[in-house]
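Starting from the structure of chain W, add chain R where the hints point.
Residues per chain, in single letters:
Number of protein chains: 2
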Amino acid sequence: MPVGMARRSAVSLVRLGGRAVGQLLCGGSARLLRTSAANTSPSPGFKPEKVAVVTKTTRYEFEQQRDKSEEELTQQLALKGSSYTGLQERHNIHTYNVEHIVKSLRSEGIDVRVVKRGEYDEEVVRWADAIISAGGDGTMLLVASKVLSKNKPVVGVNTDPERSEGHLCLPVRYTRAFPEALEKLCRGEFRWLWRQRIRVQLEGTGINPRPVDLHEQQLSLVQHSQAHRIATMDRQHKTGTLPESSSEPSLLPIRSLNEIFIGESLSSRVKLKSFKPHVNLLLHRASYYEISVDDGPWEKQKSSGLSICTGTGSKAWSYNINKLAEQAVEELLMIGKSLTRLDIPLNPEFIAKVTDEYNASLVFGPDDRRLFYSIREPIVNRVFSSSRQRGFANKVCVRSRCWNACMVVDGGTSYKFNDGAIATISMSEEDQLRTVVLEN
Amino acid sequence: MPVGMARRSAVSLVRLGGRAVGQLLCGGSARLLRTSAANTSPSPGFKPEKVAVVTKTTRYEFEQQRDKSEEELTQQLALKGSSYTGLQERHNIHTYNVEHIVKSLRSEGIDVRVVKRGEYDEEVVRWADAIISAGGDGTMLLVASKVLSKNKPVVGVNTDPERSEGHLCLPVRYTRAFPEALEKLCRGEFRWLWRQRIRVQLEGTGINPRPVDLHEQQLSLVQHSQAHRIATMDRQHKTGTLPESSSEPSLLPIRSLNEIFIGESLSSRVKLKSFKPHVNLLLHRASYYEISVDDGPWEKQKSSGLSICTGTGSKAWSYNINKLAEQAVEELLMIGKSLTRLDIPLNPEFIAKVTDEYNASLVFGPDDRRLFYSIREPIVNRVFSSSRQRGFANKVCVRSRCWNACMVVDGGTSYKFNDGAIATISMSEEDQLRTVVLEN
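Top line first, the protein sequences correspond to chains W and R. Using my numbering, the letters of the first sequence correspond one by one to residues 1 to 440. Using my numbering, the letters of the second sequence correspond one by one to residues 441 to 880.
Okay, chain W solo, but in the shape it has when bound (with noise of 0.2 Å):
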């Protein structure tokens, strides 16, 4: 395919098994067309002309906002054995690494918006042609959580290696040499990675469709007061709002790229007017529920929580829900070994890859069309048992018959799901995330 023509030059069309094949120039139009039916085939190039930079907040930017003096918050971190130099120098290198970005696009003639994610929404979102998430995969979730197509690219950088495990970003190298990233991309030496999601449709009693934004808890205060008051003026403006409590099913306007959990949590029911604002609440009650997978029986659960994960999210909370240590494999394979007299070895090395292999096959592709669900700490007792602890669905329904649970998206949105409440999860194509892979 011929390269290297002027702006805007036209982009020819080949039909291709019913879909439109296109020819992204480089410096040519900033439309994306598929590639070809294959979620990962080699791409032509691709250069957007409008790039969002959707950024972290630092943990010093929000220690900032809470209006302390330099001193005091030095002091603090020092009695608590941080350091306000470490958290100065983390921030520093987030920053570097953004300006290093932002510059390396505008030096090749995009437009950039830089975003902090506070004030991240679907204006951001419509405007660009790709959006790039400067942070680590929780910028990246919450970059993902706002783009509904599947044709908007989202790329992600890893602005602190050393904090953060990036997986959902480009590998680490990038991070200080984007402009390679770049030229990658304008020459098409990359694929495109189209990632599967999780859809959610509620029903029934119990539902509050004014989503809390759990990250914005954390780190924005006058954001997360407001946070309530604009889900609540939100839900009057967007189109296919949920009314208050409906049991008409209604789809929620998420798509989940790691994981659905689904838990109980304690609510506070009282007029918190009179408190200290510290008021610390924990999910702890064991959750009740009832569960069908594919169409199956109903089955009465008591557990810690159900986590419904995509092939994206299999390596992440997921993972760490089901992996298994090598302490636990050890005695597992010698109460094996004492029970049949068989010569199984005990030694480190064979511990650690059967523990490997083992863990191993908890992951799974992001393009993979299926669900994993997992029951965490089943409850099996003379009142509740459970058949199977995990495995892979195409539909999973969950009535909750929890006081006060929660359904947490990628562990950032959190939907009340109550006693009554009926949730049917599942995938669909058009639910797909854009994403890049570039070769290390």
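By construction, these hints were calculated from the structure, which means they are not laboratory data. Some hints could be false.
Okay, derived cross-link-like pairs now, DSS-like style, lysine-lysine, Cα gap no bigger than 25 Å in a straight line [stated by the list, open to error]:
1) K624(R) - K315(W)
2) K592(R) - K777(R)
3) K323(W) - K777(R)
4) K323(W) - K586(R)
5) K763(R) - K315(W)
6) K315(W) - K337(W)
7) K755(R) - K835(R)
8) K793(R) - K323(W)
Being a predicted model, the structure only gives us computed values, none of them experimental.
Coordinates of chain R only, in the frame set by chain W:
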């Protein structure tokens, strides 16, 4: 030893190995003296003069407190698939069982005070010769939480055996046959069991000495709104209360019967006046902390939390954190089989056997003087690692690196445990709880 003397007859003291061994006669003085050095040896008869019966709050009573009309409540419950009749039934069963207990006690000439859990306090503990918990395991934990002496007997009666496991209660048959239980107690046909409990010393900043009673948050709107005010007043009136933010080590006025759980929670940091009361907050962020076992080296960890349990608690939350499902055991043995080519059995009976033996190894005796620590969902990656996921210890020190962590005692009381605070968790013989073991 002679039996059957008149009331208030002298208790003869025999010194045995430096400890006073008392003989308590049926109908005699209610003073209790330790029997012998062994924690569970057969006992002389036990007949208290004054018994407090502490009752749980049923869900029916809870809903009543919310001032709904019966029709309103019925309709609400029906929409949720629950039933008003069902709630009433459970309530009636509980109430019937409580009346049975009280009647049995009074017909033996025992002075009985029936106390709702919300009214249960140190004055009741001082007044009573023995305390009966009439509810489930949760009620038993509450009752025990206010008994700091190792000499005050606590007996649990399960008033809703169909709903509650009743691990900490008398065998289920005594619920409807309580006079039999009393008879056996009187005749000495029982054993004392001194259950070891955990004590916590806290130091460093970030400590909120105003504990929050989590059960009250669930069960009583009025009481919860008072909880913080009461806790504040208590702090000023109680002996041994902690100063506001001290760096002096302070022994918390609690003893844990099941476990201490340390974990991150989200707390609302803003003025909540503007919110509707339904703010859902969730334990979801990873917990950061450092841990030192038995004065060993400090290790930085990241996980879903840390559980430190007693022998009693080894059957509770700790068990659910650590137990394995047959599905996991089967998959592990399959991997072992394929890697070794040994003829490891994979039939359901063998899988069940290995699983049961593994899970049984997680449980240990209530009178065991050791703690058992477990790291819940440890996060092991480039940044963090951990050596042992669980084990026995005599002492565990934890230093919080959390934003908003709680230390939760027996799932019922919560202390703030934030960045910099250090908890020293251990056991002392004087912290035992005196309970009763009746043969079934």
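Hint check:
For the proposed pair K624(R) and K315(W), the alpha carbon gap of about 56 Å is over 25 Å, so the pair is violated. Restraint check for K592(R) and K777(R): the C-alpha separation of about 54 Å exceeds 25 Å, so the hint is violated. Under the criterion of a C-alpha separation no larger than 25 Å, the hint pairing K323(W) with K777(R) is consistent with the structure, at around 19 Å. Pair hint K323(W) plus K586(R) does not hold up; C-alpha atoms about 38 Å apart against a cutoff of 25 Å.
Of the pairs offered as hints, the one joining K763(R) and K315(W) holds, with about 22 Å between alpha carbons and a cut-off of 25 Å not exceeded. Note on K315(W) and K337(W): the hinted pairing is violated, with a Cα-Cα distance of about 31 Å set against a maximum of 25 Å. A C-alpha spacing of about 20 Å is found between K755(R) and K835(R), which places the hinted pair at or below 25 Å, so the restraint holds. Distance restraint check for K793(R) and K323(W): the Cα-Cα separation of roughly 21 Å lies within the 25 Å cut-off, and the hinted pair is therefore satisfied.
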